[in-house]
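**Q** Which chain is which? The protein sequence lines are A and B, in order. Under this note's numbering, the first residue of the first sequence carries the number 604, and numbering increases by one thereafter. Under this note's numbering, the first residue of the second sequence carries the number 604, and numbering increases by one thereafter.
Hints may contain errors.
The list treats identical chains as interchangeable, and a pair is accepted whether it falls inside one copy or across any two copies.
[Said to hold, decoys possible] Below are the SDA-like pairs computed for lysine to any residue, each with C-alpha atoms no more than 20 Å apart in a straight line:
hint	residue 1	residue 2
1	Lys-704	Leu-656
2	Lys-709	Ala-1050
3	Lys-709	Gly-1052
4	Lys-704	Glu-688
5	Lys-709	Leu-687
By construction, these hints were calculated from the structure, which means they are not laboratory data.
Protein chains: 2
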Amino acid sequence: MAPGGWGRPGWRSIGWDDAPQPCALAVSVPDPSPELLQRAAGVRRAAMALGQLGDAERRGAVLAMADALEADAALIVAANQADLEVAAAENLAPALVARLKLDAAKLAAAIEGVRQVAALPDPLGVRQLHRELDDGLVLERLSVPLGVVGVIFEARPDAVMQIASLAIRSGNGAILKGGREASRSCAAILAALQRGLAASTVAPAALELLTSREESLALLRLDGLVDLIIPRGSNALVQFIQDNTRIPVLGHADGICHLYVDQEVDIAQALRVALDSKTQYPAACNAIETLLLHRAVAPRFLEAALPAFASAGVELRGDAAACALGVPQAAAEADWGTEYSDLILAVRLVDSLEQALAHIARHGSRHTDAICTTNTAAAETFLRGVDSAGVYLNCSTRFADGFRYGFGAEVGISTQTLPPRGPVGLEGLVTYRYLLRGTGHIAADYASGERAFTHRDLPL
Amino acid sequence: MAPGGWGRPGWRSIGWDDAPQPCALAVSVPDPSPELLQRAAGVRRAAMALGQLGDAERRGAVLAMADALEADAALIVAANQADLEVAAAENLAPALVARLKLDAAKLAAAIEGVRQVAALPDPLGVRQLHRELDDGLVLERLSVPLGVVGVIFEARPDAVMQIASLAIRSGNGAILKGGREASRSCAAILAALQRGLAASTVAPAALELLTSREESLALLRLDGLVDLIIPRGSNALVQFIQDNTRIPVLGHADGICHLYVDQEVDIAQALRVALDSKTQYPAACNAIETLLLHRAVAPRFLEAALPAFASAGVELRGDAAACALGVPQAAAEADWGTEYSDLILAVRLVDSLEQALAHIARHGSRHTDAICTTNTAAAETFLRGVDSAGVYLNCSTRFADGFRYGFGAEVGISTQTLPPRGPVGLEGLVTYRYLLRGTGHIAADYASGERAFTHRDLPL
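Bound conformation, chain A alone:
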């Protein structure tokens, strides 16, 4: 799938949209070596200092990173060439080679992406709460950086630039571990990024690149030094990480998205939405895997849809009722719970909106689900009744993306129920602190009833 499919050349979303990759997970997680602990502590120290810098300094550091990448462009492309040669010698799969490749044009686009991150509004220092607890006792809640994020990602070297710029912009240190196949590219990129930081007020130690497999596993044991792990890879990788770390994981399970076509519907519009939701980028987690059709509309819809999907190369797998209407292949029970990540779509007929809701509740992954309907009541019932990160009316599920939501950049897409949920922008890299300023206030005075809280909200 061409990067252009994301609407910004060469600067793809940091989702977990790529097709799953094999990954040997049957390993035990080693304790961090003293050397790794020392490096991680160094990142943490640098991050603490970075977190106290102002907006202009962090913005300047990201721009300096972009400049350094530009200055090192030839070196980086050459390092990537070396990676590509090894990949060719090792017969790496073409899809992986395509991801690995970083030519001058792709690099230029990635550098432009870094500059866009610099231009994002400051996520830090936002006052979320401002409250007088009592006379002279004032509480504030301010957004602050998380601290240090650990990122484990695959072959794509452009991810290093994007994640590093997002981390620095939001005042965080980052420990990065890229795929082995991209090791030379990642090292060249990180050297440039650190040189850029050296020309700014941010310590280059705020970014670290792990190179060995042991280190990347031991990263999972760096609780206290790493505040969030962002895995980018297969579901198996994410689950392995969740099972082997106490550090919170910005996780992503399957994307089993549904489109329900209601009985009252603009068929041409619904078909257009269905085609886009399946085919605009089938490997994406926000592509639909199952089409639910109200029985009353199924004949008319399928009459138009069967040739349209066929000419788009989509293989349809239907339940008995759908097959009776011409869907060529039968779906097995397992199809309702499968993320194809491919041009395959399961089709099921339902008797009612309620049955569609029940199907989604049972088989969905709470990612993104859509309804096409012209009936307002049905639309609102669906929007209220589906417990997914995104619930859509009359539009493609492919809009579930941080850039498309207007976040400017995307840390990832979370299918956890807890916030941050869905496409996560820079706010996924910040937390908050409560600051309380008094003049000698003590709790005993309130426990005794001598004083009482006022709890008066002040202007933000």
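With chain A held as given, fit chain B onto it using these hints.
**A** Structure of chain B alone, referenced to chain A:
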């Protein structure tokens, strides 16, 4: 410690403030039984329906719960009596007995607490984002319930009432597991709560009580059915849970809180704050464990503090410099990392604010740390430089509490870095959904450049 110590009789914070209790953790986590899966699925179904109810209905349900508790008061107190008799026969520790005890007055106060939860503003349906992505394509982010929370708590039966009311108020189902010692009390309370729900529009199945140890362990394996685990117990329990579940945990590690007394300080005020921070409820996680004294102020401070702490029954343990100034007992290295939960306080002299910050960064648990100073620059350096959930100036660390922050109720206190952090009110039980309404919009039009996003924020 009398409940009155919390400023609201009989209605203590749902923190993890109680002294750690022994807990046999060397067990394996069993898979959920079909019966448990069925019950959990029932809670989930009830919760999905509950989550779609309006403010008035959820408020009414909580009030009905309060009414039912009132009607069953005699039964509940009798059940508690039975628990207390067994506890006496088993020689339960007095502190546990005190927690277990639920007499008529304590029950009345707890019921009043349930009514207070009903009165809290609706946490659901709050529009957090409202944005036009393009003409006719509008994105909203609305607060919604988490779904189902699993709560594992200790002997205190009043916790059932508080957690259940918070869950229902925020549209969530709850699976509760209380301590074995409180089994009769919890069963009587839950029966009343469910009877209350039966008189409302909320299905009684939204609340479930687990009774066996196997069930409470298997609760950790209910991913997909339970969205958040809230453990209330010792650090060992919390860590065991975090290590044995993929479900997010609203976790709480140690509360190792510090008070730093700067060289420029109102000594009388600082002493008052220090005494309150240590003694107002020493078993609380927000009590200080270490006092850091600037070397320049230490002699004058300790001159006043030594007799004051002695008469408050506080055992001081000092570093060599503090001992030289009269602190009677020497601190070992381990003291700097110990949560005493008792009338013990470690005292260390530092040469500078920077040294105090370094000590806190090294030994603190990012819970709550305070500075006493009259120097504005020192205050701001401390407030910016300490990465804890609460950073305080010239006031007691004991204010780190949801009620005191004005949240009206507290789900717990989180020492994780990610939000929700610090004292967590009802917002800890809600998440959000993105709703996107279009009129046939598809992603391909934006990828091709045929259409462009407007990303225009609309009024909230």
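**Q** For the identical chains here, do Lys-709 and Ala-1050 meet the 20 Å Cα criterion within one copy, between copies, both, or neither?
**A** Classified as between; 17 Å across copies, 63 Å inside a copy.
**Q** Given identical chains, is Lys-709 near Leu-687, meaning Cα to Cα at most 20 Å, within a copy, between copies, both, or neither?
**A** Answer is within; shortest intra-copy Cα gap is 15 Å, inter-copy 72 Å.
**Q** Have a look at Lys-704 and Leu-656 and pick one of within, between, both or neither, based on CA distance no larger than 20 Å.
**A** The answer is neither: 35 Å in one copy and 52 Å across copies each exceed 20 Å.
**Q** Check Lys-709 against Gly-1052 for me: Cα-Cα at most 20 Å, and say if that holds within a copy, between copies, both or neither.
**A** Between copies, since 19 Å is at most 20 Å while 66 Å is not.
**Q** Cα distance capped at 20 Å. Does Lys-704 pair with Glu-688 within a copy, between copies, both, or neither?
**A** So Lys-704 and Glu-688 pass the 20 Å test inside one copy only (11 Å; across, 73 Å).
Comparing the model with each earlier hint shows a violation of hint 1 alone; every other hint is respected.
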